[in-house]
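Work out the full structure, taking the sequences as your base and the hints as a guide.
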Amino acid sequence: MKIKSRCKILIKGLNQERILNVLSSFVELFEIDRIEKSTTSFKCFYKDRKKVLKFLKDKNIEILSVQNEGIFAYLDKFWVSYGIWSAIIAFVACFAFQYQFIINFNVFGIEKLTETQVVEFVKQNSSRKKSEIILKDLELSIYENFDEISFVSCSIRGQTLIVNIKEKLLPSVMENQFFPIVAEEDAKITKIELTSGTLCVAVGDYVKKGDVLVQPFVEDASGNIKQVEAKAQICGEVYNQASIDHYDKKIEIRRTGRMVELHQIELFGLKVYSFSEEFDFKMYEVEHQETNLAKNLLLPFVLRKTFVYEIEEVLIEKSFEQAKEECVEKARQKALKNCEDCDIILYEFYTTRQLSGVTIVTYCIVTEQNIGGVVSDC
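Residue 215 in my numbering sits at position 149 of the sequence shown, and the numbers go up by one each step.
To be clear, the hints were calculated from the coordinates, so they are not data collected in a lab.
It is possible that part of the hints are untrue.
[As the list claims (entries may be wrong)] Here are the computed lysine-lysine pairs in the DSS-like style, where the Cα-Cα straight-line distance is at most 27 Å:
hint, residue 1, residue 2
1, K371, K337
2, K109, K70
3, K361, K337
4, K316, K396
5, K297, K178
6, K275, K400
7, K232, K189
8, K400, K254
9, K316, K400
10, K178, K232
11, K315, K232
12, K234, K202
13, K348, K316
14, K123, K109
15, K189, K178
16, K390, K315
17, K125, K113
18, K371, K400
[What the hints assert, rightly or not] What follows is a set of in silico ranges between Cβ atoms, one per label pair, in the way DEER data are often shown:
hint, residue 1, residue 2, range
19, K390, L333, 57 to 65 Å
20, E177, E353, 52 to 60 Å
21, V352, G276, 25 to 33 Å
22, N230, E414, 36 to 44 Å
23, N436, K390, 31 to 39 Å
24, L402, E214, 43 to 51 Å
25, T256, K390, 29 to 37 Å
26, R194, K297, 31 to 39 Å
27, Q293, N230, 45 to 53 Å
28, I317, C405, 28 to 36 Å
Ideal placement from N, C-alpha and C gives every residue a C-beta, glycine not left out.
Right, here's the structure in full:
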């Protein structure tokens, strides 16, 4: 950064020598450079820049550029932007102040209680200032106030107070209300995360839809059976298959493009007028259309149109090798319809089978998904 404060001005106009002579009579000029016939640059003291610029404007001299340099120029820029600096400092100060307080509450694990009940209790019995919150005391206070709670933990994340709650399992719910987890799909088990209950399968086992995966009981060291809720996350490889058939020779029915129309006007179900064209189609298909003509009439006339399209049988010969890519893609799209939107596709493959002019393409998409589900009527 240059220390000396100068202002470099580039001007364009006529009679520049006379203008500069007049300027130099009341301000000091430096480094005068005649760039072109009508273009000149020069420097003056930074403190004189306003007088110079005003003089040039009064003389209708075109000012091409103004460059300020030196310590005073940088100080002016700083003071001009003091408002921005003040706003930044104020924002940082306000953020640092408000960051000391809790503004959000998140409550997890509740079914019988409502989030509003817990949040209102916390607001009334705890400070909003983070430094004044003793989490252990708050946990004890929540536990003692609500009979439905068997365990509670609290933590602070940023400006959010998080309350995790485990509710008590009431005796009326515990009796005869536990059901096993069963397989919802045919699959190969890849992962098991058991929370409670007794496992009936292991990783690597193949299960069919409806097989029991976790029983709702546990056996203690004495051999006693205790009913518990079956909880587990069980993932497996599910095989989503779809097949299509390709015929090397097949007969398709197509329209030839020839068509005739039959018109008939009816009133109260009685034929009033009819018009028909003659046709000699060996094979044809028919479409009907009915139009109500009583929109602007008093009598309910109905126009019935019959369209007769000529059709023909066409022999299509196409080997499987010629249509292989198309058949595989059709089978793939059909298999994708069996996959859930959230499934993770692990890999996919297809097989073909030949049977006297027919090729069967079977496409398989292997996905990973949670296959466990509780069936209450087991």
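Hints versus structure:
Taking the CA atoms of K371 and K337, the gap is near 13 Å; set against the 27 Å cutoff, the hint holds. About 12 Å separates the Cα atoms of K109 and K70, which keeps this hinted pair within 27 Å; it holds. At most 27 Å may separate the alpha-carbon atoms for a hinted pair to count; K361 and K337 meet this at roughly 19 Å. A distance of roughly 18 Å separates the Cα atoms of K316 and K396; the hinted pair therefore holds under the 27 Å criterion.
Restraint check: the Cα-Cα separation between K297 and K178 comes to about 19 Å, which is no more than 27 Å; the hinted pair holds. Of the pairs offered as hints, the one joining K275 and K400 holds, with about 21 Å between alpha carbons and a cut-off of 27 Å not exceeded. For the hint pairing K232 with K189, the CA-to-CA distance comes to about 20 Å; that is within 27 Å, so the pair holds. Pair hint K400 plus K254 holds up; C-alpha atoms about 22 Å apart against a cutoff of 27 Å.
This hinted pair checks out: K316 and K400 have alpha carbons roughly 22 Å apart, not beyond 27 Å. Between K178 and K232 the alpha-carbon distance is near 11 Å, which keeps this suggested pair within the 27 Å criterion. Distance restraint check for K315 and K232: the Cα-Cα separation of roughly 67 Å exceeds the 27 Å cut-off, and the hinted pair is therefore not satisfied. Our distance criterion of 27 Å between C-alpha atoms is met by K234 and K202, whose separation comes to about 20 Å.
This hinted pair checks out: K348 and K316 have alpha carbons roughly 20 Å apart, not beyond 27 Å. This hinted pair checks out: K123 and K109 have alpha carbons roughly 17 Å apart, not beyond 27 Å. Straight-line distance between C-alpha atoms of K189 and K178 comes to about 20 Å, which keeps the hinted pair within the 27 Å bound. Restraint check for K390 and K315: satisfied, since their Cα atoms lie roughly 15 Å apart, inside the 27 Å limit.
For the proposed pair K125 and K113, the alpha carbon gap of about 20 Å is at most 27 Å, so the pair holds. Distance restraint check for K371 and K400: the Cα-Cα separation of roughly 38 Å exceeds the 27 Å cut-off, and the hinted pair is therefore not satisfied. Taken as a hint, the range 57 to 65 Å holds for the pair K390 and L333, whose Cβ atoms sit roughly 59 Å apart. At about 58 Å, the beta-carbon gap between E177 and E353 stays in the expected band of 52 to 60 Å.
Taking the beta carbon of each, V352 and G276 are about 48 Å apart, not inside 25 to 33 Å as hinted. The hinted range of 36 to 44 Å is satisfied by N230 and E414, whose Cβ atoms lie roughly 40 Å apart. Checked against the given bound of 31 to 39 Å, the beta carbons of N436 and K390, roughly 35 Å apart, stay inside it. Against the hinted window of 43 to 51 Å, the Cβ-Cβ separation of L402 and E214 comes to about 45 Å, which satisfies the hint.
Hint check: T256 to K390, Cβ distance near 32 Å, so the stated range 29 to 37 Å holds. Between R194 and K297 the CB atoms are about 36 Å apart, so this pair conforms to the stated range of 31 to 39 Å. In this structure the supplied range 45 to 53 Å is violated for Q293 paired with N230, their Cβ-Cβ distance being about 26 Å. Evaluation of the 28 to 36 Å hint for I317 and C405 yields a pass: the beta carbon distance comes to about 34 Å.
Violation of the numbered hints given earlier is confined to hints 11, 18, 21 and 27; the remaining hints are satisfied by the structure.
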